[in-house]
Amino acid sequence: MPTLETHPLEASSKDPWNLNNLPIVSDSLLRFIKTDISGMTVPWTYVGMVFSTFCWHNEDHYTYSINYSKSVSLRIFTFLMIT
Numbered sequence: 249m250p251t252l253e254t255h256p257l258e259a260s261s262k263d264p265w266n267l268n269n270l271p272i273v274s275d276s277l278l279r280f281i282k283t284d285i286s287g288m289t290v291p292w293t294y295v296g297m298v299f300s301t302f303c304w305h306n307e308d309h310y311t312y313s314i315n316y317s318k319s320v321s322l323r324i325f326t327f328l329m330i331t
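Per this note's numbering, the sequence shown starts with residue 249, numbered consecutively.
To be clear, the hints were calculated from the coordinates, so they are not data collected in a lab. All figures in this text were calculated on a predicted structure; none of them were measured in a lab.
Taking lysine to aspartate or glutamate pairs in the EDC-like style, the calculated list, with each CA pair at most 20 angstroms apart, reads:
id : residue 1 : residue 2
1  : Lys282    : Glu253
2  : Lys282    : Asp308
3  : Lys262    : Asp275
Modelling step: build the complete structure from the supplied sequences, incorporating the hints.
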């Protein structure tokens, strides 16, 4: 996803749900970290499905984490076998 620093003219770079902007907003303490720390200043995306789990753990430097669950409509895939 684009960030305000890399693509300042794109609308998605200004979107409040763009997690790449968290370390650079003025109220964020993460703006003082000048290196890319995977999972802290660079967001991760995990893909799962219904009833999937993620193990309990402590976040880096005991910081908080953000979790977002999105439910989508059921998709039915049809496969055609041509012989």
